[in-house]
Amino acid sequence: MKDITESSIQKTGCEEGILEPGLMWKAKQSTTARIGIGHTGARYKTNSMLRFLADQAQASDSVFTEVEDAVIKKMNILEIHTKCRNKEDMIVRPDWGRIVEEDQQKLLLDNCKINPDVQIYFGDGLCSPAIGANIPDLFQVISKGLAFEGKVVGTPFFVRYCRVNTARTIGPLLGAKVTCVLIGERPGLSTAESMSAYIAYRPHPKMQESEYTVVSNISRYGIPPVEAAAHIVDLILEILEKKQSGIRVDL
Amino acid sequence: MTGIEETVISAGIDVGTSTTQVIFSQIRLKNTGGFGCIPKIEIIDKTIFYRSRIHFTPLIREDEIDEKKVKQIVEEEYKTAGIKPSDVSMGAVIITGETSRKRNAKAVVHALSDFAGDFVVAAAGPNMESVLAGKGSGAQQLSKEKNCVVANLDIGGGTTNICYFENGRVLDTACFNIGGRLIRIEESRICYVSEKVRPLLKKEGNLIKTGAVAEGEVRIQLDSITKELVSILEQSVTLGPKNDRFHAMITNQQITCGIEPDIITFSGGVADCMNVRQEDWFAFGDIGCLLGRELAKSEALISKHSESAGETMNATVIGAGNYSFEVSGSTIEYHNCTFPYKNIPVLFLEAERENLNGLEEQIKKQLAFYNSDTGGDSQIAFAFKGIACPSYVELERMAQSIANAARQEFRNDEALILVIESDIAKSLGQAIRRQMPRDYAILCIDHITCEPGDYIDIGVPAVSGKVVPVVVKTLLFQN
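So the protein lines, in turn, are chains E and F.
Every position in the first sequence, counted from 1, becomes a number in this note's numbering once 15 is added.
Every position in the second sequence, counted from 1, becomes a number in this note's numbering once 120 is added.
Read the hints as simulated data drawn from the structure, not as lab findings.
Using N, Cα and C, we set each Cβ at its ideal position, and we do this for glycine too.
It is possible that part of the hints are untrue.
[To be verified] Straight-line distance between alpha carbons at most 30 Å, and here's what the computed DSS-like set of lysine-lysine pairs gives:
hint, chain 1, residue 1, chain 2, residue 2
1, E, Lys192, F, Lys160
2, F, Lys150, E, Lys41
3, F, Lys160, E, Lys257
4, F, Lys150, F, Lys505
5, F, Lys150, E, Lys258
6, E, Lys26, F, Lys166
7, E, Lys41, F, Lys264
8, F, Lys505, E, Lys43
9, F, Lys424, E, Lys257
10, F, Lys266, E, Lys26
11, E, Lys43, F, Lys484
12, F, Lys266, F, Lys316
13, E, Lys43, F, Lys316
14, E, Lys41, F, Lys424
15, F, Lys484, E, Lys159
16, E, Lys43, F, Lys264
17, F, Lys329, F, Lys266
18, F, Lys166, E, Lys41
19, F, Lys266, E, Lys41
20, F, Lys150, E, Lys43
21, E, Lys159, F, Lys266
22, E, Lys26, F, Lys160
[Said to hold, decoys possible] Residues on chain F that point at chain E, a partial pick, calculated with CB under 10 Å:
hint, residue
23, Asn267
24, Gly449
25, Asp493
26, Pro581
Please construct the entire structure, taking both the sequences and the accompanying hints into account.
Structure below.
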């Protein structure tokens, strides 16, 4: 059976009743919104409806599937988890997704470099496929770039059932000046492997959300991972220099 | 992080066949990338705040521009506008039409660009002229708004520059030796007949000669020449079968895309003469008014004519001031550079995903070829399309390959300049830096499209150093 999600939304349209199809295709190039898809009476056409359901299923899958062990193994990194026991916990208990319990903390202390300039770690967040799709390219470029500038990069690891605010515990625990969480972002209908970088200067339990510097929409459909990584290198260098992150820094 | 804005001043200077003009504009650059996005610096507004008087281009002899006087005109306009050359961040000096064929044209345009501001570039050549006039006239914008093909005919003193735009994109250009000042008249006597008009003169019984009084038979011959010129313009935009005279009047190239334009716009001095009822047909001392009148009579041209492009006389100078430059992508890498870089020849590379190692060989080959041609002491730039969304491994492969070539082939005082189309400049630039000595000068920019044989100018970084202004020029002075 043909996978209807294979062709891009921009190339899927319906010219029926359109006076200037050329103009419609041009308009479609400028957005991933579902315009120019036709209609039957007040309803979607069958194809549009199926595509909608398929994309939604894909988005939903990327939230509920696990990052496969093989992916983590291939990266050869340590894995820890938050207080959540499974994906359902992750959704219904956002607070647990921020808690790193003592046994897991000990794992980090035993295995990771202490007091690095920059601690980078990876979280599944709300999009598991983002890890395998982006981390290999993203992390290499960031860590090579920082090392070239003489910064000590901490030991990378993976946090299962991870939310951004694990950084409030992990940052101080490992004594990093800057903590950078690379985490899967809530999927939309147009991409199910996007990732964000949340970067904070000396995160701590009482910090504000606005103290994070964010780069979002990292994926082959958005900002190319290697180019995003190069930008993140410069952001981190500037944050290290200004000893501040988030909206108070004009980057 | 968001909303960073910067306003810079640009200058446009046009030294044309008959007139010289200067304009100044404010160019607003803004980071339009929202929160959490990587920066995206764009030009959000261009406002012309000063238009000079229209000066006659001073000549010493028929084949020599009066460099001193041209400079004086420009300097005085700067003074009147209250602008110092150091205030001007970008822009272009363009030398157009017959004036670009004077023997000191190159010296004049370079002298002016040196005076006019740090990053006011020298531009010339019929193609560049056609494109700048078309953009300055508003034809480009019109084609974008109407989503159609617009042909702009910029009819000046010495040449007619044609540019086709399709939905905002340059489709084709052409240039013809057709203009208002090909024949000049002083005190009702012909005082100059350009070489260029020779193919249209009668083989027998030609009366168009210097000294002839422009009345009676002479006037009839003048009228038939302007008719012929307009007929060639019709042919130039595929609105009539081409004849021998058509080919004789081509400056460098004709339109080859074979498309009939949906809309035709006119700019240049002659465009202003189209609807004027003249008491004295030689009011400007040339055949401009006669040509304008014939143009207005051409049904083929007028049926597609639109006046909504707007700019006529000022089209080229506005093109030079507002449309000669673009900004690079907003994630770029540069280190140890001495800006601005001017008139840098571009060598073109092909980067295929399957053969990224091949870049080294290509650079060496291109350099050897170029150096044998020129002696090889000048700064050059390499351009390539790049690959979309490379992996880390592919990135390193490109960087290694380019760094190898640079280490072996480049002199120490030369910067490694890379101009790329796809969004990879910062990551590639950083990766190359990791392979090179620490103080090595490197400049790596993206979102810029070049063609083989182009020249590039790269200005001082703007908007907190995130972008550089760039001018891509097709061949400078063609011989």
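Right, here's what the structure says about each hint:
1. Between Lys192 (chain E) and Lys160 (chain F), the direct Cα distance comes to roughly 28 Å. Compliance with the 30 Å bound is thereby established for this hinted pair.
2. A threshold of 30 Å between alpha carbons decides the hint, and for Lys150 (chain F) with Lys41 (chain E) the separation of about 26 Å falls inside it, so the pair holds.
3. For the proposed pair Lys160 (chain F) and Lys257 (chain E), the alpha carbon gap of about 23 Å is at most 30 Å, so the pair holds.
4. Note on Lys150 (chain F) and Lys505 (chain F): the hinted pairing holds, with a Cα-Cα distance of about 26 Å set against a maximum of 30 Å.
5. Under the criterion of a C-alpha separation no larger than 30 Å, the hint pairing Lys150 (chain F) with Lys258 (chain E) is consistent with the structure, at around 26 Å.
6. Taken as a hint, the Lys26 (chain E) and Lys166 (chain F) pair is broken in the structure, with Cα atoms around 34 Å apart against an allowance of 30 Å.
7. In summary, the hint linking Lys41 (chain E) to Lys264 (chain F) is supported, as the alpha carbons are separated by about 11 Å, within the 30 Å threshold.
8. Proposed proximity of Lys505 (chain F) and Lys43 (chain E) is supported: the alpha carbons are some 25 Å apart, at most 30 Å.
9. For the suggested pair Lys424 (chain F) and Lys257 (chain E), the alpha carbons sit about 60 Å apart, so the restraint of at most 30 Å is broken.
10. About 23 Å separates the Cα atoms of Lys266 (chain F) and Lys26 (chain E), which keeps this hinted pair within 30 Å; it holds.
11. A distance of roughly 43 Å separates the Cα atoms of Lys43 (chain E) and Lys484 (chain F); the hinted pair therefore is violated under the 30 Å criterion.
12. The straight-line distance between the Cα atoms of Lys266 (chain F) and Lys316 (chain F) is roughly 36 Å, outside the 30 Å bound, and the hint therefore fails.
13. Our distance criterion of 30 Å between C-alpha atoms is broken by Lys43 (chain E) and Lys316 (chain F), whose separation comes to about 49 Å.
14. At roughly 24 Å between alpha-carbon atoms, Lys41 (chain E) and Lys424 (chain F) fall within 30 Å of each other, so this suggested pair holds.
15. A distance of roughly 28 Å separates the Cα atoms of Lys484 (chain F) and Lys159 (chain E); the hinted pair therefore holds under the 30 Å criterion.
16. This hinted pair checks out: Lys43 (chain E) and Lys264 (chain F) have alpha carbons roughly 16 Å apart, not beyond 30 Å.
17. Taken as a hint, the Lys329 (chain F) and Lys266 (chain F) pair is broken in the structure, with Cα atoms around 46 Å apart against an allowance of 30 Å.
18. Between Lys166 (chain F) and Lys41 (chain E), the direct Cα distance comes to roughly 26 Å. Compliance with the 30 Å bound is thereby established for this hinted pair.
19. Restraint check: the Cα-Cα separation between Lys266 (chain F) and Lys41 (chain E) comes to about 13 Å, which is no more than 30 Å; the hinted pair holds.
20. Of the pairs offered as hints, the one joining Lys150 (chain F) and Lys43 (chain E) holds, with about 26 Å between alpha carbons and a cut-off of 30 Å not exceeded.
21. At roughly 49 Å between alpha-carbon atoms, Lys159 (chain E) and Lys266 (chain F) are farther apart than 30 Å, so this suggested pair is violated.
22. With a C-alpha separation of about 26 Å, the suggested pairing of Lys26 (chain E) with Lys160 (chain F) holds against the 30 Å cut-off.
23. Hint status for Asn267 (chain F): holds, given a least beta-carbon distance of 6 Å to chain E, under 10 Å.
24. Interface hint at Gly449 (chain F): satisfied, since its Cβ lies 9 Å from the closest Cβ of chain E, which is below the 10 Å cut-off.
25. Interface hint at Asp493 (chain F): violated, since its Cβ lies 35 Å from the closest Cβ of chain E, which is beyond the 10 Å cut-off.
26. With 10 Å as the threshold, the beta carbon of Pro581 (chain F) stays out of range of chain E, its nearest partner Cβ sitting at about 13 Å, so the hint is violated.
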